[in-house]
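K.L.:
Those sequence lines, one after another, are chains L, Z and V. Here the first sequence stands for residues 1 to 139, numbered as in our numbering. Here the second sequence stands for residues 1001 to 1139, numbered as in our numbering. Here the third sequence stands for residues 2001 to 2139, numbered as in our numbering.
If you're looking for bench data, these hints aren't it; they were derived computationally from the structure. Everything numeric in this text was worked out from a predicted model, so none of it was measured. Errors might be hidden in some of the hints.
Computed footprint of chain L on chain Z, listed as stretches where at least three residues anywhere in the stretch have a Cβ under 8 angstroms from a Cβ of chain L [stated by the list, open to error]:
id: 1; region: 1080 to 1087
id: 2; region: 1090 to 1099
Here are the simulated lysine to aspartate or glutamate pairs, EDC-like style, with alpha carbons at most 16 angstroms apart [to be verified]:
id: 3; chain 1: Z; residue 1: K1002; chain 2: L; residue 2: E36
id: 4; chain 1: V; residue 1: K2002; chain 2: V; residue 2: E2036
id: 5; chain 1: V; residue 1: K2002; chain 2: Z; residue 2: E1036
id: 6; chain 1: V; residue 1: K2002; chain 2: Z; residue 2: E1139
id: 7; chain 1: Z; residue 1: K1002; chain 2: Z; residue 2: D1087
id: 8; chain 1: L; residue 1: K2; chain 2: V; residue 2: D2055
id: 9; chain 1: L; residue 1: K2; chain 2: V; residue 2: E2139
Some chain V residues flagged as far from chain Z (calculated, every beta-carbon gap over 10 angstroms) [claimed, not checked]:
id: 10; residue: E2024
id: 11; residue: E2064
id: 12; residue: P2075
id: 13; residue: A2089
id: 14; residue: R2131
Beta carbons: idealized from backbone N, C-alpha and C, even for Gly.
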Amino acid sequence: MKSLTRYLVMHVPTRRGFVNLTPEVERVLAESGVREGLVLVNAMHITASVFINDDEGGLHHDYEAWLERLAPHDPVAQYRHNETGEDNADAHLKRQVMGREVVVAVTAGRLDFGPWEQIFYGEFDGRRKKRVLVKVIGE
Amino acid sequence: MKSLTRYLVMHVPTRRGFVNLTPEVERVLAESGVREGLVLVNAMHITASVFINDDEGGLHHDYEAWLERLAPHDPVAQYRHNETGEDNADAHLKRQVMGREVVVAVTAGRLDFGPWEQIFYGEFDGRRKKRVLVKVIGE
Amino acid sequence: MKSLTRYLVMHVPTRRGFVNLTPEVERVLAESGVREGLVLVNAMHITASVFINDDEGGLHHDYEAWLERLAPHDPVAQYRHNETGEDNADAHLKRQVMGREVVVAVTAGRLDFGPWEQIFYGEFDGRRKKRVLVKVIGE
Chain L
1 MKSLTRYLVM
11 HVPTRRGFVN
21 LTPEVERVLA
31 ESGVREGLVL
41 VNAMHITASV
51 FINDDEGGLH
61 HDYEAWLERL
71 APHDPVAQYR
81 HNETGEDNAD
91 AHLKRQVMGR
101 EVVVAVTAGR
111 LDFGPWEQIF
121 YGEFDGRRKK
131 RVLVKVIGE
Chain Z
1001 MKSLTRYLVM
1011 HVPTRRGFVN
1021 LTPEVERVLA
1031 ESGVREGLVL
1041 VNAMHITASV
1051 FINDDEGGLH
1061 HDYEAWLERL
1071 APHDPVAQYR
1081 HNETGEDNAD
1091 AHLKRQVMGR
1101 EVVVAVTAGR
1111 LDFGPWEQIF
1121 YGEFDGRRKK
1131 RVLVKVIGE
Chain V
2001 MKSLTRYLVM
2011 HVPTRRGFVN
2021 LTPEVERVLA
2031 ESGVREGLVL
2041 VNAMHITASV
2051 FINDDEGGLH
2061 HDYEAWLERL
2071 APHDPVAQYR
2081 HNETGEDNAD
2091 AHLKRQVMGR
2101 EVVVAVTAGR
2111 LDFGPWEQIF
2121 YGEFDGRRKK
2131 RVLVKVIGE
């Protein structure tokens, strides 16, 4: 069994944003030499997500508005977590809706994707460095 | 390491619906000959889900009503994604709640499930062909 | 390829609650002897979750209140699933928001975690025994 682990450094300059990780995951996969196996891609921080969806700006706007409706940032005092001095309780909630990780099949040396699948990093408490883990296992 | 990849063709005739994939995943697992490992089952389309829950019609009705409340289809003009000519922005949101994929343990040649676990395809923008990927890895 | 499967018995005495599974998953990983690979941790019951987030009591209170707002327990008659004699339809919904499973990278014999990642069991219909599956694969 082969395996390779790489860490992607993320730095979203705004509180919230989406970043397409697909090209970087493809680079790690190529480096691994794995032809058949699995790739795990996960946020290493608990106020961020990794998910698969469409690379369409209107949809990302819709995600942003929808998540803010499901788990509003303000008023920050509505969340007990924020009594610790944080203001990011909403980010911990939003991340659960969007998910921590994706597992992608590797077939014949490629990410085995449908026509529109792209891997995204979802940041919900940005303006600082975070990391995404990419782990390839297989043969 | 053994691996086997199969694609299931889905065609839900209505906009939304749930399909039990468990028998087909069991068939792929049997074909693979894997005794210890993992199975990945994922939607290859970004307006559909694969998830594990109960095979109970009342519950599926509840999921349908609840998802429609969290991310309503109408009015379609409330979503910027629909300005592209689509009317399926809500399906992209519903899919995030229900998830893209499941990873299931294979133990002694079987899906290592609790008493009520069944694998479902959740369609949120049907009336056309889509695919589900099943990948088995192990020994 | 090495693999090891273990089942953790959960018994949350209240209807809902969160339990930190990280030490037990670390014990299973150590027992497996795997240095590079993946760990799958999943609820084997469909009214419970396994997820990764912060070990902070205020946040857990916020999750509880938020999930109850997204998918209220009462009135139980609002859910068709409860016509089967159950009163736990809301638990099936809450579990979808929080997720069934996590897949964690194993690197150099350790759970490859960011600074605050901890694995939790989320119980939404407790007061009885349930199980969590831990499966390690790798080398």
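K.L.:
The structure should be examined with respect to each hint, and the outcome stated for every one.
P.N.:
Against the structure, the hints come out as follows:
no. : hint              : verdict
1   : 1080 to 1087      : holds (count 5)
2   : 1090 to 1099      : holds (count 6)
3   : Z:K1002 x L:E36   : holds (9 angstroms)
4   : V:K2002 x V:E2036 : holds (10 angstroms)
5   : V:K2002 x Z:E1036 : holds (9 angstroms)
6   : V:K2002 x Z:E1139 : holds (9 angstroms)
7   : Z:K1002 x Z:D1087 : violated (42 angstroms)
8   : L:K2 x V:D2055    : violated (33 angstroms)
9   : L:K2 x V:E2139    : holds (9 angstroms)
10  : E2024             : holds (16 angstroms)
11  : E2064             : holds (18 angstroms)
12  : P2075             : holds (13 angstroms)
13  : A2089             : violated (5 angstroms)
14  : R2131             : violated (6 angstroms)
Violation of the numbered hints given earlier is confined to hints 7, 8, 13 and 14; the remaining hints are satisfied by the structure.
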